[in-house]
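K.L.:
Given next are the chains, with one letter for each unit.
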Amino acid sequence: MLEVRNATVAFEGASAPAVDHVDLDLPAGDVLAVLGPSGSGKSTLLRAVAGLEPLATGSVKYDGRDLARVPTHRRGFALMFQDGQLFPHHSVAGNVGYALRLRHAPSAVVARRVGELLALVGLPGFGDRSITGLSGGERQRVALARALAVEPRLLLLDEPLSALDRGMRERLAHDLRDILVAAGTTALLVTHDQEEAFAVADRMALMRAGRVVQAGTVEEVWRAPADAEAARFLGYATVLVGPAASLLLAAGGGRGRSGGPADGRDAVALRRSALRVAAGGPLRGRVLASRPTPGAARLTVVVDGVGEVHAVAEPGTVPPAVGEEVHLVVDLTRTAPLREDGADGRTS
Amino acid sequence: MSRPRERRTNRPTRWWSGAGLAAMAALPVLVLGVFFVLPVAGMVGRGFFSSGSLDVGGVLEVLGRPRVHRVVWFTVWSSTAATALTVGLGLPVTYVLHRLRFPGRRLLRGFVLMPFVMPTVVVGVAFRTLLTPTGLLGGLHLDGTPVAIIAAMVFFNLAVVVRTVGALWEGVDRRREEAAAALGASPVQVLRTVTLPALLPGIVAAAGIVFLFCATSFGIVLTLGGLRYSTVETEIYLLTTQFLDLRAASALSVLQLVVVALLLYVAQRTGSGDPQVLDRTAERESSRRPRRGDASAVLVTAVVLLFLAAPLGTLVLRSLHRGGGWTLANYRALTTRGEGGALLVPVSQALDNSWRVAVDATLLAMVLGILVAAVVSARPGGRLGRRALAVLDGVFMLPLGVSAVTLGFGFLITLDRPPLDLRSSAYLVPIAQALVALPLVVRTLAPVLRSVDPRQRQAAASLGASPVRVALTVDLPALWRPLLAATGFAFAVSLGEFGATSFLARPERPTLPVEIYQLVSRPGEQNVGMALAASVVLGVLTAGVMVLVERLRTPPVGRW
Chain A
1117 MLEVRNATVA FEGASAPAVD HVDLDLPAGD VLAVLGPSGS GKSTLLRAVA GLEPLATGSV
1177 KYDGRDLARV PTHRRGFALM FQDGQLFPHH SVAGNVGYAL RLRHAPSAVV ARRVGELLAL
1237 VGLPGFGDRS ITGLSGGERQ RVALARALAV EPRLLLLDEP LSALDRGMRE RLAHDLRDIL
1297 VAAGTTALLV THDQEEAFAV ADRMALMRAG RVVQAGTVEE VWRAPADAEA ARFLGYATVL
1357 VGPAASLLLA AGGGRGRSGG PADGRDAVAL RRSALRVAAG GPLRGRVLAS RPTPGAARLT
1417 VVVDGVGEVH AVAEPGTVPP AVGEEVHLVV DLTRTAPLRE DGADGRTS
Chain B
1073 MSRPRERRTN RPTRWWSGAG LAAMAALPVL VLGVFFVLPV AGMVGRGFFS SGSLDVGGVL
1133 EVLGRPRVHR VVWFTVWSST AATALTVGLG LPVTYVLHRL RFPGRRLLRG FVLMPFVMPT
1193 VVVGVAFRTL LTPTGLLGGL HLDGTPVAII AAMVFFNLAV VVRTVGALWE GVDRRREEAA
1253 AALGASPVQV LRTVTLPALL PGIVAAAGIV FLFCATSFGI VLTLGGLRYS TVETEIYLLT
1313 TQFLDLRAAS ALSVLQLVVV ALLLYVAQRT GSGDPQVLDR TAERESSRRP RRGDASAVLV
1373 TAVVLLFLAA PLGTLVLRSL HRGGGWTLAN YRALTTRGEG GALLVPVSQA LDNSWRVAVD
1433 ATLLAMVLGI LVAAVVSARP GGRLGRRALA VLDGVFMLPL GVSAVTLGFG FLITLDRPPL
1493 DLRSSAYLVP IAQALVALPL VVRTLAPVLR SVDPRQRQAA ASLGASPVRV ALTVDLPALW
1553 RPLLAATGFA FAVSLGEFGA TSFLARPERP TLPVEIYQLV SRPGEQNVGM ALAASVVLGV
1613 LTAGVMVLVE RLRTPPVGRW
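Sequences listed follow chains A and B, in order. FYI, in our numbering the residues of the first sequence are 1117 to 1464. FYI, in our numbering the residues of the second sequence are 1073 to 1632.
Treat the hints with care, since some could be wrong.
Looking from chain B toward chain A, a few residues come up when the C-beta cut is under 10 Å (computed) [as the list claims (entries may be wrong)]:
no.	residue
1	G1243
2	E1250
3	A1254
4	P1579
Keep in mind the hints are simulated off the structure, nothing from the lab. C-beta atoms are modelled at their ideal positions from N, C-alpha and C, and glycine is treated no differently.
Next up, chain A with everything else stripped away, as it sits in the complex (with noise of 0.2 Å):
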């Protein structure tokens, strides 16, 4: 398994180090999510795993062995990046069979073992064209097949999947899941989309900043983002803070932070679909904006004691008009309560 212990990484003449003080244990046969905003520092802390980046403090170990001294090509890691780096003057089978070639392996075994993977990976046959013609999505498949060419002990991902549109993303990103777990790969993986991070991993650590804010299972994180920033980062639509949240999490029938009722001093992220229009709901306000849409109908509505907040319109009904009055029911299942305020109090 993987121990990052306390790695810091600091480029000359920044202001702040890239990477700060970040610990992170990874499993054998895990996948692990860095999610993070660009310029958090999470592809450095990917180079640095790689032995890319020399470390300032810390360490890398992986089984127990540390890296320190062992450089990028001795560390049975493979890396695979954004937008593939293939190599241009080999077809798909040249480049595929490429680390396997570096290892002397016989002609036959490469072609063969070259032939497993480009099926596994769901390009059958494409060996002997060339990268040009390939498209995005192709090549990040070449990638990853050249990637787990050599059974990698640790397969690295830098943002695999973000030059491609979304809907070759989304079909990448569980085909990837689903290769990753067939050939028992551990691997760690970096990226701003919390897409594809829910997709593809098994756990998952937010950093920011340098650091890393929050770690654990995707489960877990999902359920209770640390803070306000974390919450949104995470794809929460609303983060409420103070009496605004104790008051919705009373309508909804929740227990506030101290496990008894709801008292003014709770934090809690919100999914667009958590408040819903109903008639008779406990919570009341006015409609400023409306757009319908193929599920049900997006709203903003100001509600009375707790502000401007997201919520839904039932689909097959009628949505309601802008300047309407309406009533609101709570879904605590689409909460999540924070474990810390966010800083900035109220924020949407």
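Starting from the known structure of chain A, fit chain B onto it as the hints suggest.
P.N.:
Same frame as chain A, but now just chain B:
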């Protein structure tokens, strides 16, 4: 970064298209026709026609002479050896200067480029000073040997490799190499399997150009080889000026022309991959600080830098020496006509001539160069248009490889009767020098023009910019530094031009390189001392121009 290339349209997006292109090409084509094709054709004709009838046998007779065989063989093997050495030494230097980050790197880059614009005569004199029996390396007994000639060729051409390959190397995404390393490739394997294949087009192109420069180098061989070692180029000169065997000279010119055209064609085929569109907004710093694994490359670079510094250093030191003591006498003597009246006019007068000629030549080269670069970097829609441009591109590169001696001699024998009686015209020398500088100007400007993403022009046009405004706001900002750089190059080339000028300069109006050669070929300590001092002056002048150019930080896209 590779995506824009696929989406780029190939339709013409310039305001100059079709007729406009033809009109722009007209002036350069006319000039090239009169001042390049005509003289060279005249020279060729002189070889094949004797007393009005075709005489191929005479040419074959010349090519069958044992001395000609020796000359051709020497040209081929010395150029091959020099090219191999230049590339072999140039790659580590390129790596250190373009992929490693350390203080003083820019200064060293400028220093490595300097020899390329050093006048060949100055290089020759510097190496002689270094290798002469009383020189710093006199103990090696290399004076007058092929080793000296080859060393001078390497000295002269390293800049070509460093600049051509360096631009490419900086563009190689470091992450591609990192991906290979992460897959288990050792640094040597990364170099062999990823880096070198990516650099190969640049290396081949650079090697081709270096070979061309070596095979046609004139001033170096003439000053270092004397009469014992002659290349095709110097042989043409000797046959014309010493033996007055015009037919043999033109036969050799034809041979050289054919070989050079062939080489340029091959270079064009291998070097013309798709033009690189650079995303100037997303430049990544691809260099890093040196590590222990870079030790051997750093060592080679240090040795090469010493090798570059030694001749120039010796030249400067010896120019301050006469009669066993330190003195400025050599410099003071530059206002005289030399020992025993070796010169018709004082060196100071020649310097003045050189300066005036260089200004005229640069002006002409820039006007022609801008037109040619604009024309050859257009992306016409039709297959026919593209072919025409490819041919035009190649034709304007020809002066790069055609012997300057052939050109100079051709001027003399074709532009000597009305309506083109220019023998005594003061413009003959600037015109010849402008033609020699033209390929460099085009090579500096055209890649930059091609590298401007056409979508930037489309974006500007869609925002309401008129064609002229598009040129002013999109092309010019990318181009003004290369424009100044090309001007500097042209000026430096003109200052140092020796091959054509040695034929064309009127005796009473010599340029500085011509006088330097006259001084070294005359006896007398004072004359040699003056030659050294004049070489220093010329070298400092050219280097000054180059330092100015380098300060402009031309973007790393230029290709020779």
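K.L.:
Can we keep the A1254/B interface hint, with Cβ of chain A closer than 10 Å?
P.N.:
holds, 3 Å
K.L.:
Should the hint that P1579/B touches chain A count as held when the rule is a Cβ pair under 10 Å?
P.N.:
Given a least distance of 56 Å, the restraint on P1579/B is violated.
K.L.:
Under 10 Å, Cβ to Cβ, is where G1243/B needs to be relative to chain A, so tell me if that hint holds or is violated.
P.N.:
At 13 Å from the nearest chain A Cβ, G1243/B fails the 10 Å test, so the hint is violated.
K.L.:
Go through the hint on E1250/B and say holds or violated, using the shortest Cβ distance to chain A against 10 Å.
P.N.:
Where the cut-off is 10 Å and the nearest Cβ of chain A is about 5 Å from E1250/B, the hint holds.
Taken one by one, the earlier hints fail for this structure at numbers 1, 4, listed in ascending order.
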